[in-house]
Every structure is written in C-alpha cells, then in structure tokens.
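Got chain A; can you put chain B on it based on the hints?
Chains as they are written, first to last, in our numbering: chain A, 823 to 927; chain B, 65 to 489.
Calculated directly from the structure, the hints in this document are not laboratory data.
Heads up, a few of these hints could be off.
To be verified - Here are the simulated SDA-like cross-link-like pairs (lysine to any residue), alpha carbons at most 20 Å apart as the crow flies:
1) A:K891 - B:E460
2) B:K165 - B:G100
3) A:K908 - B:A459
4) A:K908 - B:N450
5) A:K926 - A:S871
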Amino acid sequence: MNKLRFQTFTIAFITGLTLSSAPVQAAGDNHSRNLAASCAACHGTDGHSVAGTPVLAGMDKKLFVTQMKDFKSGARTGTVMNNHAKGYSDEEFEKMADFFAAQKR
Amino acid sequence: MSLDRRDFLKLGAAGIVVGVFPGCATSAGEIVRKNGQRVVIVGGGFGGATAAKYIRMWGEEKIEVVLVERNTQFISCPMSNTVLGGSRTINDLTYNYDTLKKKYGVKLVHGEVTAIDPQKQTVILADGYLSYDRLIVAPGVDFMFDQIEGLNARVAGESLPHAWKAGAQTVMLKKQIESMRDGGVFALSIPKAPYRCPPGPYERACQVAFYLKNNKPKSKVLILDANPDITSKKGLFTAAWKELYPGMVEYRANAAVMKVDVAGRIVKTEFEDVKADVLNIIPPMKAGMVANMAGLVGAESRWCAVDFLSYESKLQKNIHVIGDSVLAALPKSGHMATSHAKVCAAAIIELMQGRQPDANPSIANTCYSMVSNNEAMHVAHVYRFNAEKKEMIAAEGGGVSAARSEIEGTVANYWLKNVLADVLL
Numbered sequence: 823m824n825k826l827r828f829q830t831f832t833i834a835f836i837t838g839l840t841l842s843s844a845p846v847q848a849a850g851d852n853h854s855r856n857l858a859a860s861c862a863a864c865h866g867t868d869g870h871s872v873a874g875t876p877v878l879a880g881m882d883k884k885l886f887v888t889q890m891k892d893f894k895s896g897a898r899t900g901t902v903m904n905n906h907a908k909g910y911s912d913e914e915f916e917k918m919a920d921f922f923a924a925q926k927r
Numbered sequence: 065m066s067l068d069r070r071d072f073l074k075l076g077a078a079g080i081v082v083g084v085f086p087g088c089a090t091s092a093g094e095i096v097r098k099n100g101q102r103v104v105i106v107g108g109g110f111g112g113a114t115a116a117k118y119i120r121m122w123g124e125e126k127i128e129v130v131l132v133e134r135n136t137q138f139i140s141c142p143m144s145n146t147v148l149g150g151s152r153t154i155n156d157l158t159y160n161y162d163t164l165k166k167k168y169g170v171k172l173v174h175g176e177v178t179a180i181d182p183q184k185q186t187v188i189l190a191d192g193y194l195s196y197d198r199l200i201v202a203p204g205v206d207f208m209f210d211q212i213e214g215l216n217a218r219v220a221g222e223s224l225p226h227a228w229k230a231g232a233q234t235v236m237l238k239k240q241i242e243s244m245r246d247g248g249v250f251a252l253s254i255p256k257a258p259y260r261c262p263p264g265p266y267e268r269a270c271q272v273a274f275y276l277k278n279n280k281p282k283s284k285v286l287i288l289d290a291n292p293d294i295t296s297k298k299g300l301f302t303a304a305w306k307e308l309y310p311g312m313v314e315y316r317a318n319a320a321v322m323k324v325d326v327a328g329r330i331v332k333t334e335f336e337d338v339k340a341d342v343l344n345i346i347p348p349m350k351a352g353m354v355a356n357m358a359g360l361v362g363a364e365s366r367w368c369a370v371d372f373l374s375y376e377s378k379l380q381k382n383i384h385v386i387g388d389s390v391l392a393a394l395p396k397s398g399h400m401a402t403s404h405a406k407v408c409a410a411a412i413i414e415l416m417q418g419r420q421p422d423a424n425p426s427i428a429n430t431c432y433s434m435v436s437n438n439e440a441m442h443v444a445h446v447y448r449f450n451a452e453k454k455e456m457i458a459a460e461g462g463g464v465s466a467a468r469s470e471i472e473g474t475v476a477n478y479w480l481k482n483v484l485a486d487v488l489l
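So here's chain A without its partners, still in its complex pose (with noise of 0.2 Å):
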C-alpha cells in the first residue's frame, strides 16, 4: 500500500514537473482545460474539492483514466459519475487526467 502510493506520487511528480518545465501553452491547449472545468462544481477549482469528493488535483493519469473508463462501461457504479463519464471520448479522458496531473496538490 505503501509502496503504491509512493508510486503514485512520483508519477504525479514527474508529471508535474515535466508540464512545468514546459513552453507557454498555444491557445489550442486550452480545450484540455475547459474540458476539465467542466468537473469543479463536484470536484472543486482546478480539482481543489473543499468538501468529500475526491480531490482531482495532481491525480495521477493512469488512475483517472482507469476510473472514469470504469465509470463510463459501468463496470464500476457510483451516484453521477455514470451519468458524466458516459459524455466523454476516452480521448478526452485523457486530456482531462493531463490538466488534474499538472495541478498541484
């Protein structure tokens, strides 16, 4: 357990870093994050939830991918996120986890 979340956070670190180390984004980059924006009722600015849903910022990409294709198959149930997941391309899905991983925790 440990030893995974340790993982995790690396990844989210790596991540982190190498989007930051990253040029000033071009316009067309935007889409990523107001595609995202489109989670921060629930989940909070940028992924910053103040109340009990998960916090989306610095999540690590495999992880939010892998939950919201879940969410989107049903393999996995929850209240809304069947509802939401199932608008969404897995492209798109994958836009969204790069904006949370670059935010910081």
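Just chain B now, kept in the frame of chain A:
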C-alpha cells in the same frame, strides 16, 4: 447623481477604487476609470460571479473585470428549499464577494443599472457610467406578475412570497408555514416551463411536506402545476411523495393559476377555485430586466438567443448573455449558469487576444433535489456543441438516480460546498 464623499470613502474602503475620481465630484462620469481591456459583468449570481473569477484566473489578471451587483451579499438559491424544511437557515446559504475582490482583483460596484448603450458600449448607473470592451449580462430571471390577475411585485414582497429568489421571501414563506394551522393547506403553483430550476417546485413540495409531517401532520401540500405533467424526475418525486409523505401531497396537472384573491388566499385556475392557508405562487418567468435594456430579447421569445461558442448575443455585438436568461434547450440552474460562464470567460479571453473561441465546448449540469432532511436524488447530463445545429445537445448516458438515497443527500452537500467555492472563492 454623482458619488458623494461618503460613497467614495465606502468604495475606497472596500478596496475597489484607487485614484479613480479625478477630483471632480459633480459630474456623472466613469465610475471606475478604465485601465486597458475591460469586461463589465452585470449580475453577480452563479453565472456572473463565476465569469468574473474565471476571466481573472484564466486571463492571468490581464483583463480588467468590473462586476455590477445590486446586493452586497450572495444568497444561494440552490438548496434554499431546505430552509423551508428546516435543515438549513438562510444564513447558512449567505456568502459575500470579498474573495473575488481580494484574491482575484475583481472590481465590485454595488448599484442598479438604469440603461445600457450598446453603441457607446457603456452601462449606466445612477452614479455614472462604466465603459466596456465586452459586456456580460447575467441577470437571472424576472417574474411576469401581469400573467396572474391580482398579483404584482408588491403583493409578492408583502404577503404572497414566491421565494423563487432566495432571501427575504424565503424567510417570509418559512414563517407563514410555521404559523399555519395543523390541518391547513399549503398550495404551490408552478408556472409553465421554461422556468428557473425545473425540479425545484417538486423539491419544495417535499421540503414543506417534511416540515408539516413533523410539526402539523394533518396538513396538506397541494401542487397546482401549469404543465401537463411533472417536468423533472417524475418517477422519483412521485415515489418520494407516496412513500415519505403518504396522503399528504396532492398533484394536479394543467392547473395554471389565472387569478388570485390575495386577502381570501384563493386562487382561480381554469377549472376550479382553490382556497389555501399558505399560498405560494411561483409566477411565469422571463429573461431578467437588464437583458431588455440592452435589446437582447428577441421579438418571438422571453429569452436571449446566443452563439454557444462564446455566449455572445445574436442581436448585439460585444454583449454576452449567460445563465437563466439564455434561450436554449438547457435546464435553467445555478450549475448550468456556471457552465455557461466558463465557456463565455474562455471565449472572451481568446477573442481579446485575437484568437478564436474553443470550437468544441462541452458543459455539464448536475441538479440534486433534497426530498427530506437527508435524502436526495440527482439529474445529470453532459451537453456538447453540435456544429451542424449550432446548439448544445445532451450527450448519451445522462439521466437520473435509480432511487433517492442518503448517500446522494450527503453528496448533494458536497456539491453545494464545491460549487459555491468554485463561484466565489
């Protein structure tokens, strides 16, 4: 009238104005001196406040944002039905604009807009004017009192609260329910769709029934719906009424209220006269008045047609409309207003920097309804831009809860905290 010295000090103390008044206190001039590119936003509800924050945040504070709002406090309409049920007070739902000012540098002007000049690109207030490069109009809804004989804004404010904007009327309605006799009738009239918050009236029926069941159990909740059927979460609401409040909630379809006898608390529908102990008439709605000032409302509609890539009005250049006033096949909700606001904010930033708005926007909406003090159910959809129809269309897979539950009641409270933080903090 110009700002007097006391108002000047008040504004200065609030951190809004620095060196704005060029020594002239007699002419009605620019209220806040314009510094570079500016967006003025009229209306600081869920939509307007979100747009203010996101333009500052996403625009890296390069675009000046002036938010005009007549109230100094922000009271959440979402969840305000629970004040009637008793699980919240209005204070629990009351917030302020301090963080928007301090953290994001939004310039707040508390005042009433008297006119908008789309040619000169100015918003006129009693104290002077504000010029803009782009204007966002987010006035919410206004009520069509004239559709019901005997009803007007004064009557609603003094004795027959609609309580469809959270605040003093919510508190008044709560007091009326508390002083109702056991065995009395609470009658709730619902206008024809579209109106603000489609599931809201049915949630209200649940919240009032929750209070009455625990305090005045011989009483009844009578729903007079102008619509031909329950407009939202039908199966879930009818199950809640039957199982949680058996024999207490009565629903009548096609029962538009046409006339009211205020003193006698009697309403007239096409088919009958109904006498109530507490009468809660939710009047038909239209785009907020400010939208009419700017010529944003089409001749054939009560609402404002917009381009869904930017929320720019189809009738006036450089003026955007967001929230309940928008003409769309989208639910009029607080959450939806925040979704409009973000697409609009992103588009305005791109346009001001000489680029095109995101060509493929998607937005989301989740509406929880509290059916008791702790159980809720949801409706949730993702809406995507359809380039052919140029409209926002619900994506496959949206829908409602399988059943009401305590888990959703808990998650609904998480939603409220997060959405309010997303709007104001």
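Original post:
Which of the numbered hints above does this structure break?
Top reply: Violated: none.
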